[in-house]
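Engineer: So you can see what is in the structure, the chains are spelled out below.
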Amino acid sequence: MFHRGRYFGVLAGAAALIAAGALAPQAKAGVESKDPIKLTLHDWTGQFITTKIMGEVLKKAGYNIEYVQADYLAQFAGLKTGDLHVAMEIWETTGRDAMDEATATGKVENLGETGLQAIEEWWYPAYMKEKCPGLPDWKALGKCAEAFSVPETAPSGRYLGGPVTWGGFDDERVEALGIDFEVVHAGTDAALFAELESAYQRKAPILLWVYAPHWAPVKYKGEWVDFPKYSSECYNDASWGTNKNAKYDCGKPRGPIWKVSWSGLKDKWPGAYSTIKNSKINNDEMGAMVSAVDLDGKDLDGVVADWIANNEGRWKTWLP
Amino acid sequence: MSRASIALAPWRHSSVLVWAAAFALAYMLWIWGGEVAPWAMKYPRAWIVPLKFWISDGMSWLIEDATFGLFTFTELTRGISWLIERPYRLALGLLSHGLLQGQGSDAVQILPPLTWIAIVAIVVALGRFTKDWALAALAGGCFAYLAIFGQWDGAMVTLASILIAVPFGIAGGLFAGLASYRWRTIERLIRPVLDLMQTVPVFAYLVPILFLFGFGPVSAIIATIVYAMPPMVRITIMALRGVPGEMVDLGNMVGCSRRQMTWKVLVPSAMPGLMVGVNQVIMLSLNMVIIASMIGAGGLGFEVLASLRRLDIGSGIESGVAIVVLAIALDRLSQALANKNPPEHSEAEARLPLWRRYAYTSVCLAIVFATGLVGLAAGWVQSYPEAWAVTTGSLGENLVRWINVNYFDQLEAVKTAVLLNVLIPFKRFLLGLPWIAVVALLAVAGWRLGGWRLALLCAVLSLFNVTVGLWAKSMITVYLCGISVVFAALIGIPIGILAAERERLWGFVKVVIDTLQTLPSFVYLMPVVMLFRVGDFAAMIAVIAYALAPAIRYTAHGIRQVDPHLIEAGIVSGCTRFQILTKIKLKLALPEIMLGINQTIMLALSMLVITALVGTRDLGQEVYIALTKADTGRGITAGLCVAFIAIIADRLITAGAQRAKARLGLE
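Protein chains in written order, with the working numbering: chain A, 1 to 320; chain B, 1001 to 1667.
No lab work stands behind these hints, which were simulated from the structure alone. All C-beta atoms in this analysis are idealised placements derived from N, C-alpha and C, irrespective of residue type, glycine included. Hints are supplied without guarantee of correctness; some may be wrong.
What the hints assert, rightly or not - A few chain B residues facing chain A, derived, Cβ under 10 Å: (1) T1067; (2) Q1103; (3) I1190; (4) P1192; (5) R1310; (6) V1405; (7) K1415; (8) T1416.
Work the whole structure out from these sequences, hints included.
Structural biologist: What follows is the structure, given as structure tokens:
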């Protein structure tokens, strides 16, 4: 136990510290509200970087920022109620449905593109070109399906798709294009890239779903398969494309990565709202930062700080 | 005796008759059912009960409209999370980021967290206080590991949430147990709820918890409490029942009030039993670390997930081992506390000055303040410097790479053989069975083993899986878990037999299975995928690794329990060692082994959701999809299906074990 007198001493000290703490932030520029703006973090490095860049820029503008760990899709429930405020990466390819559903309620707002372009497509390591010379043209896949086979699927080739929740219509694509492949779904993207790593170590055949921006296409040499270019007719109209009787006879859509927010953001923090709306980054710088963290083992916060230091001219223009 | 009568003899047994008839009917249905009654083979889509939509609707009503008049349901749940968040923030502040003033990035640290030296010192003191210097060294060593391997920050975040979840779990469990002890009705109501809490996969109720309690660590803590509390309730009831009648009589004689009876007589006498429950709550809370981190608990679980996402197997293992180490320290400390004799307060002691009476507390406080003050000046006292951190680097990764490059073909051959000859045929067989026959056979099994009540239970629960339209996925679940349990038993029982009578081997085996149970399965899941590709085989290996422990533990335990006189009698009557093993030891240990298999099944089912992460197509996948789509109804429906499979298996095996016990005259 404390001696009573000493206890009060500690209390007084703490009170002084609190007073000092309360005074300190007043020095910063005037912003609309000092309540913390909650930015969500998911579980992939690229999203961490995008979010932290935004957060650091907002901090420079004097806003109070809090990062909250939340699930990619489950977060919409929080964005609707205002528990969470900003989500920096909603991928056209995987998050479009959830985002549309949320914006339709009027409680969530789409703040436009981040500037990043999502690529999701079938991908193979460069050494597979020797075993299947016609690549990257998709027609080559029809001829050398066996080169991509494993004992369970032989003589059909094996294509490792993403988790079923990612959608992607790969089973339909295989059917529509008439290539002899069996689609196997990985449960998570960790499993997806674990298989790639394993095959790459052995120079073994593999064909799988890879997406960018991600460290994998930076770390491993390889190419995307060249499918007929995506168009919305291809996904909606059977008569379009090489197969006149089937939809999905083309590649996957590529599309922007969106920023979304709670609709109350605009009224509570108008300055932050316009800053987030104005922000733009691009695939190349993102790819470089992701590999610096995931492949070179650099500290994520350090990488973000470097970007902030080197791009002052750019982010200053985002500010109100 | 004539030949005919020998052949006929079994038929006198009505049980065999019933079984033969049941199987014959099921077989006929299997062969001809497709033409006569197609609805019996494949449950018609139109008959599916849209339970999942009802649950989702009910959920949105709860969130948006439910109200108690003065306040809404959501306000109530948010109030609860506010209540839990206060102590959590305090614990997090003390252990991790210091006491803060303000919110978000404007927060200013007004007091630094406890220094790492102080925390290690407190743990050492706890070890010495509860037992001896050996325990002190072990616990201190465990925490030192966390610092040295650079896991300190994550570990402290995890520890903070455990420190909050555990007391809530213990208090909740204790009160529920007391209430069930006192009122039979409450016990009857609580039992099925406990069964569900223990068997519904955690992923199934994460989404509703997120909706109700908001985003962030509090939801993760609540999920942890839900998961970790049931054993505490069960153990409380058992421990209270175990209090000798004389104690209660004594309490009545000296005129205890009801409250005095509970807190001065019952609870203190049941204390050793209750401490076992406390230990269970701690261990289960640590099992939740990974899953909790998926909904925002952060800490070690997040480190594991993040390292495996970038395929950094080495640091994934380091963080995973940190969880194991934390578990060991907390487990040993709580066990020591459970076994500690209550201190004797002597007259002489009461006359000592306060700081000497509470010597441990005083020393700890002194260290906390001393290191805290020094820490303000010297950074390395405050937090363990990163530069001093040790890492195994790419050792883990290189090991996996070496196996992968050199032995992949051999592994592939084994895998293909097992897949083609065992897994795939069994899966086809199960999926081809008419649902109505399976339901009927389960009911017959229930009836034979435990009477009509059990028959009804089996029939109703299995019908549930049919009517909600998840029959095929349930069958794949049964297939994957069934195969894994068979393999786990084939590996585990012989190991149990071998280790039962060899002390040193047993010591080693125990360390291995303890580690397998506390090491997050995600850590070995990714190397398994690298070696065996995604799919059922990889999932099966992960399930076996996790579910092996009880098969070994219970077998060893059962064999050790066999009455030595019976073995002696065997030796005297000239049995060979093999005969002693098969005719005496294994036979008498059978009920225990069956309980071990039962536990193996439960653990296998609880691994389901994890296996969905490597691409299986069972109920686990259904639950996982529901989680990623934030679909409450879908998740809970699939979760209930898993729970019902578990409950059917549990009841049937328990009834079987009881019959075996009765037959062997053990009870």
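Engineer: Among the hints numbered above, which are violated by the structure, and what are their numbers in rising order?
Structural biologist: 1, 3 and 4
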